[in-house]
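**Student:** In case you want the letters, here they are:
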Amino acid sequence: MKPTAAAAALALALAFAPASAQRSPYADYQRMTAENAPIELYELSGEEAWKHKQGPKNASLEQCDLGQGPGVLKGAYAGLPRYFADADRVMDLETRLVYCMTTLQGRSREDATKRVFGNADKPSEIEVLSAYVAGESHGMPMRPGTSHTKEKAAYELGRELFYHRAGPWDFSCASCHGEPGKRIRMSELPALNTAKDAQPLMATWPAYRVSTSSFVTLQWRMNDCYRQMRMPEPAFGSDIPVALITYMTVNAQGVVYRGPAIKR
Amino acid sequence: MRRMFLLPLAAALASCSTSPSTGMGTAGDHRGESAADMQRITAVLKANMHERGQAKMSRIELDDAQRLCNQYADNPPAEQAKRMEEAQLKAIAFPSGSLIGDWKAGEKIAQSGRGMTWSDKPGTAGGSCYNCHQISPKEEAFGTIGPSLAGFGKVRGNRPEIQRYVYGKLYNAKAYNACSQMPRFGHSGTLTEQQIKDLTALLLDPASPVNQ
Chain L
469 MKPTAAAAAL ALALAFAPAS AQRSPYADYQ RMTAENAPIE LYELSGEEAW KHKQGPKNAS
529 LEQCDLGQGP GVLKGAYAGL PRYFADADRV MDLETRLVYC MTTLQGRSRE DATKRVFGNA
589 DKPSEIEVLS AYVAGESHGM PMRPGTSHTK EKAAYELGRE LFYHRAGPWD FSCASCHGEP
649 GKRIRMSELP ALNTAKDAQP LMATWPAYRV STSSFVTLQW RMNDCYRQMR MPEPAFGSDI
709 PVALITYMTV NAQGVVYRGP AIKR
Chain C
236 MRRMFLLPLA AALASCSTSP STGMGTAGDH RGESAADMQR ITAVLKANMH ERGQAKMSRI
296 ELDDAQRLCN QYADNPPAEQ AKRMEEAQLK AIAFPSGSLI GDWKAGEKIA QSGRGMTWSD
356 KPGTAGGSCY NCHQISPKEE AFGTIGPSLA GFGKVRGNRP EIQRYVYGKL YNAKAYNACS
416 QMPRFGHSGT LTEQQIKDLT ALLLDPASPV NQ
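Taken in sequence, the protein lines are chains L and C. Residue 521 in my numbering sits at position 53 of the first sequence, with consecutive numbering throughout. Residue 302 in my numbering sits at position 67 of the second sequence, with consecutive numbering throughout.
Honestly, the hints are just simulated from the structure, not real lab data. Among these hints, one or two may not hold up.
[What the hints assert, rightly or not] Computed list of lysine-lysine pairs in BS3-like fashion (alpha-carbon distance at most 30 Å, straight line): (1) LYS590/L <-> LYS356/C; (2) LYS582/L <-> LYS339/C; (3) LYS620/L <-> LYS325/C; (4) LYS582/L <-> LYS317/C; (5) LYS356/C <-> LYS731/L; (6) LYS521/L <-> LYS582/L; (7) LYS618/L <-> LYS373/C; (8) LYS582/L <-> LYS650/L; (9) LYS339/C <-> LYS389/C; (10) LYS590/L <-> LYS618/L; (11) LYS542/L <-> LYS650/L; (12) LYS317/C <-> LYS650/L; (13) LYS650/L <-> LYS731/L; (14) LYS343/C <-> LYS317/C; (15) LYS325/C <-> LYS618/L; (16) LYS343/C <-> LYS291/C; (17) LYS343/C <-> LYS356/C; (18) LYS389/C <-> LYS650/L; (19) LYS650/L <-> LYS664/L; (20) LYS620/L <-> LYS590/L; (21) LYS343/C <-> LYS582/L; (22) LYS317/C <-> LYS731/L; (23) LYS582/L <-> LYS373/C; (24) LYS339/C <-> LYS317/C; (25) LYS731/L <-> LYS339/C; (26) LYS389/C <-> LYS582/L; (27) LYS590/L <-> LYS731/L; (28) LYS281/C <-> LYS519/L.
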């Protein structure tokens, strides 16, 4: 009875397997364990997305100004977050990408943010773009903006949010990331209020996450921390993730960017 | 002489203004929040968050204990801490009779990291205990944010006062340490009376692996 049931379950699983799973799993495995893969795959899709003409203006993102001038990708990620005069606010990479989608391509904010976080089957446009743009800063020191009044304000708000306890479990970011040398279960917790711990961490985001077979961004990570803090969800591109990412990146400033990386 | 006296005083004052746990004064400089700061930060959270699943917007609102801890960077003056602990203690609903439930059920609750997030089903929560504490010697994947609870009942016994302390601590950790990092599992409605009794058993029952 049991083997029959198992065979039936297997047949059922195969029948409902998505088309992507019908490629040779071994070929996928080989490709994914090769050096720099699967990061390279995300970077390549990101480059395609960067050059893809779309939206009411049928334009690509190639003229997007990420802080080093329109279309300049080299070192752009290493200079973020920073203040942008055209938007009159501090932006991290993901927030800036949405800005370019709305201005250059003429897309609505709703359209540009309708699927910001993808999954193992299908990464989001923001995720692959993040992989591509961040990859163009590989090997460069991280120098986020720290001089403009709004950059200072973003850092200060990030620090305040980091320590602010709230929610049914009375957590703040510092509950887990405020003290060096602590663990949750077996996971070591970086103290993100120290340069020593913030540097190796910020030098590797965004990243491919082996445990979920997906590419994840910093804004996703901020949201997942708030989820685990038992709080409501921060809005994508809002002052909350921008301030926290500014706080952590400034704490890590000077570190050589070596991402996108592979994480557990 | 006067200068020699003032220096350590200044150092002591400076250490009070930073978090005692980080004590860094650089990026980790945690100065506490004034009432106006708290209002402003709460307003930022309200303006930039949305409810999802059971994580409603009301979770952003602070209660008295959270306000006190935010104001003093988790290090309130002794007198205010004491008053807060008394108020929190008064709000604990202690059941009558034995507070020792089933340690086996308690172990399952301690293992579960589920509960209260926007991706969890309402009403199904564990205590996430192993995330922060060493408890049973059989579980090696334990966190280190909280103290080790290995052998907890072995050294303390399980007389009624100890039962009451453990039940109370699980129900509302802020009743014993105003700015404890531990969630208030009963007070927040995360765990039920029976679940807290089962966790109390995990720590105090002589048959529990914690006390072997």
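**Student:** Check the hint pairing LYS650/L with LYS664/L against an upper bound of 30 Å on the C-alpha distance.
**Tutor:** With a Cα-Cα distance of about 14 Å, the restraint between LYS650/L and LYS664/L holds, given a limit of 30 Å.
**Student:** Taken at face value, is the distance from the CA of LYS731/L to the CA of LYS590/L at most 30 Å?
**Tutor:** Cα-Cα ~18 Å, so holds.
**Student:** LYS343/C and LYS317/C were given as a pair; does the straight-line alpha-carbon distance stay at or below 30 Å?
**Tutor:** 34 Å, violated
**Student:** LYS650/L and LYS731/L were given as a pair; does the straight-line alpha-carbon distance stay at or below 30 Å?
**Tutor:** 19 Å, holds
**Student:** For LYS542/L and LYS650/L, compute the direct alpha-carbon distance and say whether it is at most 30 Å.
**Tutor:** 36 Å, violated
**Student:** For a C-alpha distance cap of 30 Å, please report whether LYS521/L and LYS582/L respect it.
**Tutor:** 18 Å, holds
**Student:** Tell me if the straight-line CA distance from LYS389/C to LYS582/L falls inside 30 Å.
**Tutor:** 55 Å, violated
**Student:** Take the C-alpha atoms of LYS590/L and LYS618/L, compute the straight-line distance between them, and say whether it is at most 30 Å.
**Tutor:** 36 Å, violated
**Student:** Does the alpha-carbon distance linking LYS317/C and LYS650/L stay inside the 30 Å limit?
**Tutor:** 28 Å, holds
**Student:** Taking only the CA atoms, is the gap from LYS356/C to LYS731/L under or equal to 30 Å?
**Tutor:** Roughly 28 Å between the alpha carbons, so the hint for LYS356/C and LYS731/L holds.
**Student:** Quick one, are LYS317/C and LYS731/L close enough, alpha carbons at most 30 Å?
**Tutor:** 44 Å, violated
**Student:** Sort out whether LYS650/L lies within 30 Å of LYS582/L, counting only the CA atoms.
**Tutor:** 37 Å, violated
Comparing the model with each earlier hint shows violations of hints 2, 3, 4, 7, 8, 10, 11, 14, 15, 20, 21, 22, 23, 24, 25, 26, 28; every other hint is respected.
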